[in-house]
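All chains, full assembly: derive it from the sequences and hints.
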Amino acid sequence: MANQKVNAVIVGAGAGGGVVAKELSTNGMSVVLIEQGDWISYDEHTNDELLSQRVTVLGNSCGPDDKHHSRVNIHPDGSKHIVLPSEGDFNNISACVGSGTVTYGALAWRYMREDFKMKSTYGHVSGSTLEDWPITYDDLEPYYEKAEWEIGVAGDDSLNPFAPPRKKLQPMPPFTHNKEATLLKEAASKLGFHPFSIPMLRNSVPYGGRPACYRMRTCIGFPCPVSAKCGTHNTVIPVAIKSGNCELRTNCIVSEIIVNEQGKITGVSYYDQNNKKQTQHADIVILSAAAIETARLLLNSKSKFFPNGIGNENDWVGRNLQGHAYPNAHGLFEDDIFDDFGPGSSVAICDFNHHNPGIIGGGYLSNSFICMPYRFTNVRPPSEKLWGKSHKEFQRKNFKKVAEIHGPYQEIPSFDQRVQVDPVVKDFWGIPAARLSGKTHEEDIKGCTFMAEKASLWLKEAGAIQTWSSLGIANGVSAGQHQAGTCRMGNDPKTSVTDKFGRVHSTPNLFVADGSLHVTNGGFNPALTIMALGFWVGGYIASEWNKGNRFK
Amino acid sequence: MNNQNKFSRRQFLQVTGVGVGGICLLANCGNSISIWRFFSNTEAKLMDAIADQIIPPDDWPGGSESGVTNFIDKQLVGPYVRFQQDYRKGLLAIHDSCNDIYNKQFEELDWNEQTAFLEKMEAGKMHGNIWSNGFDKTFFSLCRDHAMQAYYGSSRHGGNRNNKSYQMLELDYPLIIGQNRYKS
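Line by line, the protein sequences give chains A and B. Take any residue in the first sequence, count from 1 to its spot, add 20: that is its number in my numbering. Take any residue in the second sequence, count from 1 to its spot, add 441: that is its number in my numbering.
What the hints contain is simulated information worked out from the structure, not anything from laboratory work. Hints may be right or wrong, so weigh each one.
Beyond 12 Å from chain B on every Cβ pair, some chain A residues (computed) [claimed, not checked]:
# : residue
1 : 24
2 : 96
3 : 279
4 : 394
5 : 465
6 : 496
7 : 527
Computed footprint of chain A on chain B; a stretch qualifies when at least three of its residues, placed anywhere within it, have a C-beta under 8 Å from a C-beta of chain A [stated by the list, open to error]:
# : stretch
8 : 490–500
9 : 597–606
Since the model is a prediction, treat every value here as computed from it, not as a measurement. Every residue, glycine too, gets a C-beta built ideally from N, C-alpha and C.
Next comes the structure, spelled out in C-alpha cells:
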C-alpha cells in the first residue's frame, strides 16, 4: 500500500531532525520522520570498549554497520581509499534514533557572539571561505534556551566570564568535579585562567522524568544505562510521537529527493527495512542527515531541473566541510589522579576561544573523559615503546596517573574541504557513496600549536612531571562527529545553499536542519547549536504554516 | 631458498593448507585438522609467540595466555574478515624470513632474537619481495593493535581471559552497581 502524503517528511532522527519533528508535529502538522538506524537499548550495547562509538575497531555499536555502507576518502597525496564505517576515515557520527545524541559526551555549549561573526572579527583569511553567519547569537539565543529547557542542560554560566549573555539560567545545577578535575581547576585559577564546570546535556539532578547521572566510567561512546544523558531520542522524539502526528520509520535509507514534471519537490524515495523501494510524498522535505549525508542526498538527487543535484546551482553543496581539530596534551603525574568518579571532562576554560594574539579564533580547553584501557595503550610519551615489557609496565604503573587536556579548535573553512558523490563506489542499495576530500588550512597549524602549548602549561601547573602534546589535526578531511558546513546558510544565493531559515535557495519547500547549515563551526562541540537550529528552522516552518504559507 | 631448511616453506604451506598466493576461506581445510576457526595449528603457534613478544608474561599473563590468538582468530571470521589475507601472507612471510636468516622457526629463536626481528618489522627494514610496499610495517602494526585489543578489551570477544588485564589495572569490571567483582 502506498504511503499517505503528509505535511512534512524529515530525513534523519538526530540532533536537528528530532527537534524539527517535535516542533512540527506538536503544531498539528502531519510528519514522517525517517531514520536509517534503529532504536538503541543499553542491554544490547553495554560498555564494551571495542564495540562502541568512541573506539570502533569491532564496529559501531550504534551504527552504521560495515556490511551495507562505505565511503571514499581522498588523502592529501591524492590516494583514494574505500573506507568502512568502523574506520576513522569514514568520519562517522552514528545511525540510530537520536543519532550522536545517544552516545555523545553531551557537552552543551552555546557558541559565542564572535563565532557567528568570524569574518567581521578577524577579516578575510586568504585561501579560506571564512564568513559571517546570516544570523547572530542574539537571533539564536531564545532557541538555545528552548534546547536547554526542553532537552535538559546542567550548568552555570555565571562562572564563565566569556559566556555569551543569556535571559534564563540553565535548568539543572552544574556537575561537581572528580579528583583530576579538582586538581586542574585549582591550577587553572593559579594561572589566571577562568575555570568552570562544563554545561552538559546530562542530568545532574532528576529531570524530564529521568534520573540523575550516577557518574559511570563509561559515558562518551556509550548509551546511558539509566537514560540520564539527554538526547533527542529520550526527549523531543517521544514528545513528537506522543502528539499523534508523527510517525517514526526506522531502518529506512533515503536514496533521493523526488522532483515532479514541473520541477517541484514532492517527497523522498527510500528503501524500507526489507530493502523495498518506497516513496513518501510531502508538502515539505527537511534534511537532517548531518553534513556528509545531507550533502550526499542533495548531490544524488539529479534531474533535468537539477542536473548537478538540488541546491547546487552555484557548486556550494558539500563545500566548507568542517569538523574540529583536537589539539591536546597529556600529563603524567606522580600520584594517582584517577578516582573512578566518572565520566570525566568537567572542567573547562574559554580563555582561548577568541582574541588571542596571532591566531584566528581558537577553542575551549578542558580535561578529557576517562580513558579506557585499550585506548590508553596508545597514550605514551613519544620516547616510550608501543609494545613489549616496558609498554606493559607503563600501562600498569600509570593508568591512573595520566590526565589529558584538549579542546576543539575552530577550523578555518575552505572551498576544497568537501563532500562529493563517488562515480564508482556505491552502498548496499546501489546509491553512490559519499566521497570526502580536502586538507586543513595552514592557519589551523598555528592555532593548534598555540592551544596545545596552553594545554601543556595547564598540566604542568597542576603538577604533571612529564607532558607531551599533539596538534590533533586529521590527515586530510576533517569532519567526524562534529561535521558541519556543507550547506551553509547565507543571504546571497551565489555563495550559500540555504537562506537564514534553512530553506534551500532554489526550492520553496526544501529545508536543511542540521550542522550542514553552520557557516563556521565554533570552538565548541556543536550539538546544542544543531538543536537550537532545529528549533529555529522548525519554529519558522510551523509559524509560517499557521499563517497559511504552504511553501509552494 | 635453502632446501636444507629444517622446516620448509612447503611444510608450512601444507599445514596451513594454501597454495602460494591462495586464501583459505574455510576453517580446517588444511591437511591437519586445525582446532582454530581461521588459523592453522602452525600459524596459531607462531601467533602465540608474537603475542607474547607484544605483551610479555610477567606477574600477569602474557599475550598468549590471555587469549590474543583466540581473539584474532575469532575476529578474522567476523568483523576482521578483511584482514584474512594479511594474516595468511604475513605469518608465512615471518616463517620464510626466519628460515632464511636463522634456519629456524620464529618460535625457536631466543627471546632477544625474536624482539630484534619484530623491531625490524616495526621499523620497515625487512628484506625480500614479500615485505614490499611497507608490508612489514603494516603487518606488525596490525598484530600489535589486535593484540592490545585482545588483552585490554572486553573478554567477550575471546581475549582478556578472566578479565586479568582489568585486575592488573585495578579496575573493577564489569561495572555493576553495588558489586565489585574482584573484591570480596
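To see whether the hints hold, each was checked on the structure:
Its beta-carbon lying about 40 Å from the closest one in chain B, residue 24 of chain A satisfies the requirement of being farther than 12 Å from that chain. With 12 Å as the threshold on Cβ separation, the claim that residue 96 of chain A sits away from chain B holds: the shortest Cβ distance comes to roughly 18 Å. For residue 279 of chain A, the condition that its CB be more than 12 Å from all CB atoms of chain B holds, with the nearest at approximately 38 Å. Annotated as non-interface, residue 394 of chain A brings its C-beta within 12 Å of a C-beta of chain B; the closest such distance is 4 Å.
With a minimum CB-CB distance of about 26 Å to chain B, residue 465 of chain A clears the 12 Å threshold, and the non-interface call stands. With a least CB separation of 18 Å from chain B, residue 496 of chain A remains clear of the 12 Å interface cut-off, as annotated. Consistency note on residue 527 of chain A: stated as away from chain B, and its beta-carbon is indeed over 12 Å from all of that chain's, at 41 Å minimum. Look at the stretch 490–500 of chain B against chain A: 5 of its residues bring a Cβ nearer than 8 Å to a Cβ of that chain, three or more, so the hint holds.
Counting residues of the stretch 597–606 of chain B whose beta carbon lies closer than 8 Å to any beta carbon of chain A gives 3, which meets the minimum of three for the stated coverage.
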